[in-house]
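**Q** Sequence:
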Amino acid sequence: MLHNVERGGVRRGVMAAVLAVACAAPAAAQAGISLPVLSSPEVPAGGGTYQGLAPSRDPVRRVDGRTGDWRGHATGFGGSSVLSSGELVYQDHIFDAYGPDNGQDVAKLALFDPLAKTYPETYRLDPALQYVPGEFGIPTGPISSETHYGDDPLETEADLSEVRVGSDTARNLWLLARTTTMSTSHSTALLVLLDTAPGSVARTIPFNSGLHTSTAEVALLLTGNRGWYADLRTGKIAALPSGSVATDSRGYANAVEARIPRRIGATTLPAQVGVAVASGLPDGSKAQLKSLPIAPNVANVAFRTHEPSRDWWDRSQGLTLVQGTVDPFFARADLGSLARGTNQRYQPGPGYHDRLFRSTARISQEKELEGTLQHYGVYLPKSYRPSQQSPLQFWFHFRGGTAHIAAAVIPRVFKDLGEDVNSIVVSPRGRGTSRWYVGKGHVDWREVWADVHRTFSVDRRRTYIAGHSMGGWASYLLPILYPDRFAAGLPASAPPTQGAYTGADFATCDNYTIPGADVKPCYTEANGSDPRAELTTPLLPNIREIPLAIYHGAADELVPVSGVVRQVQAIRALGYRYRFYLFPHQEHYGPPIQDQWAEGARYEHRFVMDPNPAHVTYIRSRTFERAIERVQSDGVPFDFDFAQAYWMSDLDLVNESDVKGIAHFDGRSLAIPERGHTLVPEAGAPQTDQTGPYAMTGQAWKSTPGPLARPANGFVVKISGAKGVRLDVPRMRLSTKRRLTGDVTTGWRLRLVLRGHWPRRVSASVNGKRIRVLRRSRNLVLVLPRGRDHLVISAR
1 MLHNVERGGV
11 RRGVMAAVLA
21 VACAAPAAAQ
31 AGISLPVLSS
41 PEVPAGGGTY
51 QGLAPSRDPV
61 RRVDGRTGDW
71 RGHATGFGGS
81 SVLSSGELVY
91 QDHIFDAYGP
101 DNGQDVAKLA
111 LFDPLAKTYP
121 ETYRLDPALQ
131 YVPGEFGIPT
141 GPISSETHYG
151 DDPLETEADL
161 SEVRVGSDTA
171 RNLWLLARTT
181 TMSTSHSTAL
191 LVLLDTAPGS
201 VARTIPFNSG
211 LHTSTAEVAL
221 LLTGNRGWYA
231 DLRTGKIAAL
241 PSGSVATDSR
251 GYANAVEARI
261 PRRIGATTLP
271 AQVGVAVASG
281 LPDGSKAQLK
291 SLPIAPNVAN
301 VAFRTHEPSR
311 DWWDRSQGLT
321 LVQGTVDPFF
331 ARADLGSLAR
341 GTNQRYQPGP
351 GYHDRLFRST
361 ARISQEKELE
371 GTLQHYGVYL
381 PKSYRPSQQS
391 PLQFWFHFRG
401 GTAHIAAAVI
411 PRVFKDLGED
421 VNSIVVSPRG
431 RGTSRWYVGK
441 GHVDWREVWA
451 DVHRTFSVDR
461 RRTYIAGHSM
471 GGWASYLLPI
481 LYPDRFAAGL
491 PASAPPTQGA
501 YTGADFATCD
511 NYTIPGADVK
521 PCYTEANGSD
531 PRAELTTPLL
541 PNIREIPLAI
551 YHGAADELVP
561 VSGVVRQVQA
571 IRALGYRYRF
581 YLFPHQEHYG
591 PPIQDQWAEG
601 ARYEHRFVMD
611 PNPAHVTYIR
621 SRTFERAIER
631 VQSDGVPFDF
641 DFAQAYWMSD
651 LDLVNESDVK
661 GIAHFDGRSL
671 AIPERGHTLV
681 PEAGAPQTDQ
691 TGPYAMTGQA
701 WKSTPGPLAR
711 PANGFVVKIS
721 GAKGVRLDVP
731 RMRLSTKRRL
741 TGDVTTGWRL
751 RLVLRGHWPR
761 RVSASVNGKR
771 IRVLRRSRNL
781 VLVLPRGRDH
791 LVISAR
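Numbering (the numbering used here), first residue to last: 1 to 796.
Treat the hints as calculated values from the structure; they're not laboratory data. By construction, the Cβ of each residue, glycine as well, lies at the ideal position given by its N, Cα and C atoms. Heads up, some of the hints might be wrong.
Using 20 Å as the maximum straight-line C-alpha spacing, the simulated SDA-like pairs for lysine to any residue come out as follows [stated by the list, open to error]:
id: 1; residue 1: Lys108; residue 2: Asp151
id: 2; residue 1: Lys737; residue 2: Asp666
id: 3; residue 1: Lys702; residue 2: Gly684
id: 4; residue 1: Lys367; residue 2: Pro541
id: 5; residue 1: Lys108; residue 2: Pro142
id: 6; residue 1: Lys236; residue 2: Thr268
id: 7; residue 1: Lys718; residue 2: Phe642
id: 8; residue 1: Lys718; residue 2: Asp666
id: 9; residue 1: Lys723; residue 2: Asp666
id: 10; residue 1: Lys660; residue 2: Pro541
id: 11; residue 1: Lys737; residue 2: Gly684
id: 12; residue 1: Lys290; residue 2: Asn172
id: 13; residue 1: Lys737; residue 2: Ala764
id: 14; residue 1: Lys723; residue 2: Asp658
Computed beta-carbon distance windows for the label pairs [unchecked claim]:
id: 15; residue 1: Ala266; residue 2: Ala450; range: 17 to 25 Å
id: 16; residue 1: Ser387; residue 2: Pro270; range: 37 to 45 Å
id: 17; residue 1: Ser337; residue 2: Lys117; range: 36 to 44 Å
Hey, can you work out the whole structure from these sequences and the hints?
**A** Here it is as structure tokens:
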């Protein structure tokens with residue numbers, strides 16, 4: 001989450017809390033008490049519904065490994081299938097090619113699963129005991145502690161991303177499988193099983209698979225441009241005809257394609273055939289799979305449509321493979337229906353989903369988890385309707401977490417921040433466990449934002465942000481950079497910078513280290529950070545319209561409460577709205593362990609974002625900006641240009657190359673009525689559904705009574721450190737057809753761009769002196785001198 005420090009006391013406290021509440025859970029449930037830690041059943045995995053569409057057929061295919069003649073659309077949701085353009089398209093979960101369990105999870109779940117059936121909240125013990133020892137460095141002896149159920153190494157060359165089954169008029173069976181990684185055309189092997197006849201007979205599957213089946217009669221092994229089939233009834237193995245298999249490993253195609261003749265050996269494929277597909281590694285030129293550390297020798301299995309919500313969605317896969325079979329994972333393909341071009345649209349329904357999207361190759365590599373196919377978690381509440389806009393809540397994971405860590409071990413994130421307030425909840429991966437949502441992690445966040453708004457019906461005025469630790473830092477970072485995207489925020493155990501900030505700051509403090517600890521008195525680095533440059537406190541003026549509910553433990557051992565208090569003091573001094581929830585006995589990991597977020601959710605949802613506020617304040621810091629571009633970039637050059645808020649954009653620094661350049665913008669539209677307010681202190685006691693005790697202090701706005709000021713067709717702007725800015729006149733509710741005035745104070749000669757629907761002839765004057773007006777499409781471009789100027793624009 002933050003630093004590599006000794007956490008022995010914390011480790012003992014975490015385990016003691018989990019085990020103590022586990023013991024108390026049954027009695028508490030009988031008494032009707034909702035406990036923290038174990039207070040919510042597991043997050044339900046989401047499914048979907050189907051809408052029939054007009055038939056659509058693929059073009060005639062060739063066996064070349066290329067995907068252009070497969071026109072069906074994958075759903076974009078891991079673990080789902082759809083009939084599209086005459087293809088059965090299965091979208092697999094990604095990064096889940098861990099193969100079978102080593103038997104330890106089976107033994108553990110033999111104890112936990114019966115308890116969870118009686119007390120569903122105790123399901124959390126299983127994923128928590130997977131995650132907690134690794135996060136806290138707790139020795140587990142011979143017992144493995146991983147957040148995946150399979151115990152082979154992640155075999156990225158066998159990591160399936162999708163499987164497609166098709167047919168043609170000759171009733172050939174066509175197959176296309178793709179992986180997230182494929183270094184060469186001979187690095188991936190597919191095992192295909194076909195159920196061609198009724199009945200159940202136990203048979204051994206060859207090709208060094210280590211598997212048996214009671215379902216299939218035919219097995220095939222495909223790799224490179226070669227294929228073999230085995231008649232499981234006779235044991236006979238033969239090669240497929242030449243040209244039956246092709247592989248394309250170029251770029252991110254990563255595709256294995258095969259045409260399986262309707263008559264294969266002594267078997268004729270029926271009109272409906274069961275298909276199972278598993279992936280592994282080829283054993284050189286041999287007609288067999290390579291042996292993996294734990295048998296059977298397949299790492300990933302397709303058509304797993306009922307995996308529970310876990311970190312890597314491989315629970316059923318790992319626990320089934322350890323039994324030496326893939327029989328539960330057969331899909332039924334109707335060859336006639338496929339040949340006729342059966343076509344559907346998939347609509348995700350309530351529950352938690354593994355959402356997949358295509359990232360840019362610029363930040364991707366053909367290795368491990370760094371390919372172009374990426375994912376994030378998304379929870380759809382029962383109230384979600386595609387035809388209606390829903391509130392949107394982002395939740396950012398802590399350091400060491402993943403896209404689905406909250407779904408695995410922090411279930412009330414989705415109850416308190418999602419279901420109970422009818423909100424979609426999105427959990428980005430951030431391109432890794434510890435990128436702090438900067439550099440490549442920042443690109444990931446922007447790509448997730450774009451995909452969410454393409455895919456779901458979202459109310460942009462009710463979008464909220466929350467997170468813990470590193471994710472709490474994101475809850476400061478992103479509202480500061482993008483204030484017009486969020487209505488409110490909930491940072492928990494959140495450092496004001498990437499790393500730690502004690503609240504102290506003096507000229508030479510970076511030269512000192514506290515004796516006996518790798519900690520500095522002012523700032524402490526984390527994951528290659530630049531904590532002084534990345535301090536968010538100086539940029540807090542940007543969140544004028546974004547109230548924050550700040551959770552923090554007084555005993556936080558990783559994020560000093562003193563630095564957070566300084567952050568709160570800065571918000572208070574600005575006259576902004578906030579609530580500071582201080583938990584006297586809580587340490588850094590308190591919020592995810594206690595797992596109660598309802599009070600913060602209630603506070604967030606009191607607010608609705610105004611996309612065009614009367615008053616806009618924004619600071620652009622080149623020091624901060626360059627740190628966000630550089631840190632966690634892996635050398636990829638980024639140029640983010642954080643220069644926009646609401647109706648203001650293109651805030652150009654006087655000198656872009658000045659690494660210490662700062663631009664301040666403060667502007668008001670006199671055409672937007674703005675009711676004044678007075679500051680009101682807030683205080684509160686713990687709620688029954690919120691972990692406690694806590695001391696809450698805060699600041700609210702109370703509207704000033706009386707009539708609003710009469711709107712005027714003008715604006716007032718003060719700018720320093722900038723040579724240019726653009727204002728969106730319609731969003732400021734200003735009229736371009738009437739006399740428009742502007743009072744502009746600038747410390748530099750300013751290029752002012754006014755975007756709007758302007759009359760054909762327009763004149764402008766500054767301090768009574770006429771100036772030149774340039775037209776650039778819908779923009780007026782004016783150059784104003786340094787100082788305080790009165791601008792008048794008139795239609796002629």
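**Q** Compare the structure with each hint and give your call.
**A** Evaluation of the provided hints:
no.: 1; hint: Lys108 - Asp151; result: 14 Å, holds
no.: 2; hint: Lys737 - Asp666; result: 25 Å, violated
no.: 3; hint: Lys702 - Gly684; result: 17 Å, holds
no.: 4; hint: Lys367 - Pro541; result: 41 Å, violated
no.: 5; hint: Lys108 - Pro142; result: 14 Å, holds
no.: 6; hint: Lys236 - Thr268; result: 16 Å, holds
no.: 7; hint: Lys718 - Phe642; result: 19 Å, holds
no.: 8; hint: Lys718 - Asp666; result: 5 Å, holds
no.: 9; hint: Lys723 - Asp666; result: 14 Å, holds
no.: 10; hint: Lys660 - Pro541; result: 18 Å, holds
no.: 11; hint: Lys737 - Gly684; result: 51 Å, violated
no.: 12; hint: Lys290 - Asn172; result: 29 Å, violated
no.: 13; hint: Lys737 - Ala764; result: 13 Å, holds
no.: 14; hint: Lys723 - Asp658; result: 13 Å, holds
no.: 15; hint: Ala266 - Ala450: 17 to 25 Å; result: 53 Å, violated
no.: 16; hint: Ser387 - Pro270: 37 to 45 Å; result: 41 Å, holds
no.: 17; hint: Ser337 - Lys117: 36 to 44 Å; result: 38 Å, holds
Figure legend: structure checked against the earlier numbered hints; hints not met, in rising order: 2, 4, 11, 12 and 15.
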